[in-house]
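S.K.: Residue strings, one per chain:
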Amino acid sequence: MTVPTRPQPASRRTSPLTQEYVLLGVIAAEIAFFAVVGENFFTAANAFEIIRLGTEVGLLALALTPVIIAGGIDLSVGSLMGLSAVVLGLLWRDGRWPLPLAALATLGLGWLAGWCNGWLVTRLKLPPLIVTLGTFSLFRGLAEGLTGGVETFTAFPASFLFLGQGYLPGGIPAQFPLLVLAAAGVAWMLHRAPLGQELIAIGLAPEGARFAGIDVAGRLRWVYTLCGLSASIAALVYVAHLGQAKADAGTGYELMAITAVVLGGTSITGGQGSAGGTLLGLAAIATVQNGLRLAAWPAELAGILIGGVLLVTMTLSRLRLQLGGRSLAAEGGGALARELWHVSNGQVAALCGTILLAALLVALSQQRLARELARGPAPAVGNLAQGGASADGLKSGAPSAAALGARVAAGSRPLVVAMMPKSKGNAYFIACRRGAEEAAAELGIELIWDGPTETDPAKQNEIVEAWITRGVDVIAVAVENRQGLSSVLRKARQRGIRVLTWDADAEADARDFLVNQATPEGIGTSLMDQAARVLGGAGEFAIITASLTAANQIEWQKHIEARRAARYPQIRLATVRPCDDLQGRAFEEATTILRAYPQVKLIMAICSPAVPGAAEAVKQARRDDVKVIGLGLPNDNKPYVHAGITDCVILWNTMDLGYLTVWAARNLCAGTLRPGVTEMPAGRLGRVAVAQDQVLLGQPLVFTRENIDQYDF
Amino acid sequence: MAVPEKHRHRWLVRYRHEVALGVGYLLLLVWLAVWRPAFFQPAQLQAVLVSAAPMLVVCVGMTLVILARQIDIAVGSLFSVCGVAVGLLARGGWPMPLAGLAAVGLGTAVGAFQGWLVAYVGLPAIVVTLAMMVILREGLRWWRQGEFVRDLPTDFQWFGFSQEQGQLALVAIALGCFVLVACGLRWLAAGRAVYATGGDPHAAFLAGMRPRRVTLAVFSLLGGLTGLAAVLHTVRFAMVDPAAGQGLELQAIAAVVLGGVAISGGRGTLVGPLLGVFLLATLKPALVFLGAAAHWDKALQGAIILAAVAASRLQTSHAAAATPARGRQP
Chain A
-16 MTVPTRPQPA SRRTSPLTQE YVLLGVIAAE IAFFAVVGEN FFTAANAFEI IRLGTEVGLL
44 ALALTPVIIA GGIDLSVGSL MGLSAVVLGL LWRDGRWPLP LAALATLGLG WLAGWCNGWL
104 VTRLKLPPLI VTLGTFSLFR GLAEGLTGGV ETFTAFPASF LFLGQGYLPG GIPAQFPLLV
164 LAAAGVAWML HRAPLGQELI AIGLAPEGAR FAGIDVAGRL RWVYTLCGLS ASIAALVYVA
224 HLGQAKADAG TGYELMAITA VVLGGTSITG GQGSAGGTLL GLAAIATVQN GLRLAAWPAE
284 LAGILIGGVL LVTMTLSRLR LQLGGRSLAA EGGGALAREL WHVSNGQVAA LCGTILLAAL
344 LVALSQQRLA RELARGPAPA VGNLAQGGAS ADGLKSGAPS AAALGARVAA GSRPLVVAMM
404 PKSKGNAYFI ACRRGAEEAA AELGIELIWD GPTETDPAKQ NEIVEAWITR GVDVIAVAVE
464 NRQGLSSVLR KARQRGIRVL TWDADAEADA RDFLVNQATP EGIGTSLMDQ AARVLGGAGE
524 FAIITASLTA ANQIEWQKHI EARRAARYPQ IRLATVRPCD DLQGRAFEEA TTILRAYPQV
584 KLIMAICSPA VPGAAEAVKQ ARRDDVKVIG LGLPNDNKPY VHAGITDCVI LWNTMDLGYL
644 TVWAARNLCA GTLRPGVTEM PAGRLGRVAV AQDQVLLGQP LVFTRENIDQ YDF
Chain B
8 MAVPEKHRHR WLVRYRHEVA LGVGYLLLLV WLAVWRPAFF QPAQLQAVLV SAAPMLVVCV
68 GMTLVILARQ IDIAVGSLFS VCGVAVGLLA RGGWPMPLAG LAAVGLGTAV GAFQGWLVAY
128 VGLPAIVVTL AMMVILREGL RWWRQGEFVR DLPTDFQWFG FSQEQGQLAL VAIALGCFVL
188 VACGLRWLAA GRAVYATGGD PHAAFLAGMR PRRVTLAVFS LLGGLTGLAA VLHTVRFAMV
248 DPAAGQGLEL QAIAAVVLGG VAISGGRGTL VGPLLGVFLL ATLKPALVFL GAAAHWDKAL
308 QGAIILAAVA ASRLQTSHAA AATPARGRQP
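Protein chains in written order, with my numbering: chain A, -16 to 696; chain B, 8 to 337.
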């Protein structure tokens, strides 16, 4: 889709190696940089971790490479992953098919879906961007429709989970051979088989390829089919990796995969590209993401860096191409080769320089590491050395409380507490962070705060894996998907890291303690009680949720419904609408609900951006008879509560939740929080009750017109 | 005025896609009128109009870019950035018109940068805008941490007008943009240059136009219009949601494509996207009125896009059966 401003047939001819050299330099620089600033970055185990986490996107990117070389695109692969995961779960659990058969059927589905894309593109001659934009919505929509967005399939047998979580001898992750196989297959197809040349011809000029006797439609159908098949394989790996199958599997993966392909030097307009380049592009992206986590730098930087690298490498190779073109125009065809060779030489020199620099930096960092080792044992070493010696009656495998306790007391090296929200960029968790930082400052703890920046349920696992590699003392997680994360948290505990959960729990054996702000049941019950109070015991209400697939929202709705059925049979739930966690969408949904269901007298918004959105809708519709209640932050809702539109907002003190979690982490290491205690100290909160394996924050607060101004978060 | 039979027929052929879409839209409205007459209360129609206005402004710009054989998938992120910018400026004491203009300027600047990369550096548009999308989105998240912009001055919402006046102004501005650009595209030399560039940039160059400048201009215009749309969207609320533009790019492209604008450039009108915007904006509340379960929304939307595009394709191949086939497959 570029504007060929100076149309020269030769300007297309460029060595596909160019971008790969630039990329190699970039990767070398990344590795060198993160080896210095990241902890435990430059290790074999971490390299395998990077591969493991990159497998799903890698499979998609590899399959997309031939499609893009042939001048097409497939936006639907991520959505197809969601559909495949759901179909696998449905067939296996509800259809009672044996798992291998269900997996095979899933692959068949991917094949079919890819073939459909190809058929629409070739038979109806529709632009691939449009076709796959349509199937992008369609596949995800089917997945959500089939499960109601709600259902999650779990409890897959261990032999299947091995595919995503297991290790082969030598610490090689189980999905590694799959990725190698796929890479080899695609590389053979593109660079050894005639198909590769044919795809390039199709990408450059489909009509010309047809006149040259190539079966254009057949070849295109084949690459799209392959893409679909690959998406369903990626879905299997993804399900095995997370241990759950849900409609939101693979959200946003298509863009990551396309980015990797384009970064790898494949021309988005077709006619040029290589499998090796795609792998390099993938490596460049995965390394940045992993390195930033190990360096405990904000994850948002990854996006900015990847975007920047994409622009810079593309510009570099483009400039080089223009140089080559100009010399060609001036000196004739023979000069092109010389020019290419000349530039390549320069690049080789630059590459060597970068690698040398990298080696130097690595050496420096090793020296620093050695110094650190000499100064005092690193945490992992300390655990190994003292774990056996401690005899204070703790479970074996847990790190020595004495060792950590001594460190807390002596303050020799600050405790490293890694804390993860469900997502970054959410006002709720910003308030938690403020509390956590307050406690960390009081206690002299090094706090790492990181979380997913996108709505991908696999991201939390990646971050925990990175923290395990980095070697932190305590991991505290607000769990987004219980099943999926528990296996990783168990792994963290095996490695001697203390694990807390906060905000939402994992499975009980995957963590030491839960910092419990309120149970889903408590939230659902008090929301429903408030609703009944506002409605006067009878009437209709509507719910606005964040999304139909979010686990916590589903849980709350379940308890709201249970409470309604048990206590308030006169009240009826009119409808449930999702708002994608957006104020604007919540506004529009609420506006429509007010008109479509005029008998609704109460809107219950159970995600924080939706409460002001719904209140604004009621205000603009001038419906004095309708009230809004919901879960939200006081600051967002003050104007509406004072205007009498929002009756009340329910939430616990989120700042205190963050504060308490850091205190619990510190107490866990100091030994003042252990099984059997009934209370623990928590700074300005005084002594906080502990019940069995839960630290209790207290009751949720109800913010009304009377008390809302007392809170500032 | 009697239009000769032949001419009327040609008009139908030329705008067959728009006509088909219009008929489809009409059928949906008739269906709604029969089954859910409540949909046609004035307040509901007004709500559809107001909520579609910012989308329409983005789609006007997107149509230009797609007509010029380019694409921009950074509009969603830019939309969020401009919305936050206008909120922060207003809170910082800038008068609203100035803050709005600044947001439009910011959008134009980002759009021009993208246009420069595409036209003068020669990078593919989808790559440039993919990179910008990620950079802007993550940059905004890093900077604001997802916090709403609150405590806005009283003259922020509806530019300080009353709600009715504000809504009227919003729709008027959006329709004004639409009419201006539509007329310019039809009757100005600059508008025809967009078609020429999209149809065949080399031929346009040989015909004395400057495809690079056209490319730069359409990207800048889309950036500016995105900024304007962000202003129109944010003034509807009392606080600014920094995620407001999430997913906007795909919705905008879907609406434009639904409106019959060829993704391969050079073919299409602005009337089609107008209908596309209103069809999608009507469909969502219509589903609520019809009581459909929210799970099926996405599947339905995808199916409609596919069906519309496939239908128009079949129709085109019927109509084009007599004429020589177009050479280039997009």
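For the record, the hints were derived by calculation from the structure and aren't laboratory data. Check before you lean on any hint, since a few could be wrong.
[As the list claims (entries may be wrong)] To give an idea of the chain B side of the interface with chain A (calculated C-beta under 10 Å), a few residues: (1) W18; (2) G100; (3) M139; (4) V295; (5) W303; (6) A314.
C-beta atoms are modelled at their ideal positions from N, C-alpha and C, and glycine is treated no differently.
S.K.: Taking the hints in turn, state whether each one holds.
M.R.: We went through each hint and held it up to the structure:
Below 10 Å, beta-carbon pairs count as interface contacts, and W18/B has none with chain A, the closest being about 26 Å; its hint is therefore violated. Given hint, G100/B at the interface with chain A, is violated; its Cβ is 20 Å from that chain's nearest Cβ, farther than 10 Å. Below 10 Å, beta-carbon pairs count as interface contacts, and M139/B has one with chain A at about 7 Å; its hint therefore holds. Given hint, V295/B at the interface with chain A, holds; its Cβ is 5 Å from that chain's nearest Cβ, closer than 10 Å.
For W303/B, the interface hint holds, the least distance from its beta-carbon to any beta-carbon of chain A being 5 Å, beneath 10 Å. Below 10 Å, beta-carbon pairs count as interface contacts, and A314/B has one with chain A at about 9 Å; its hint therefore holds.
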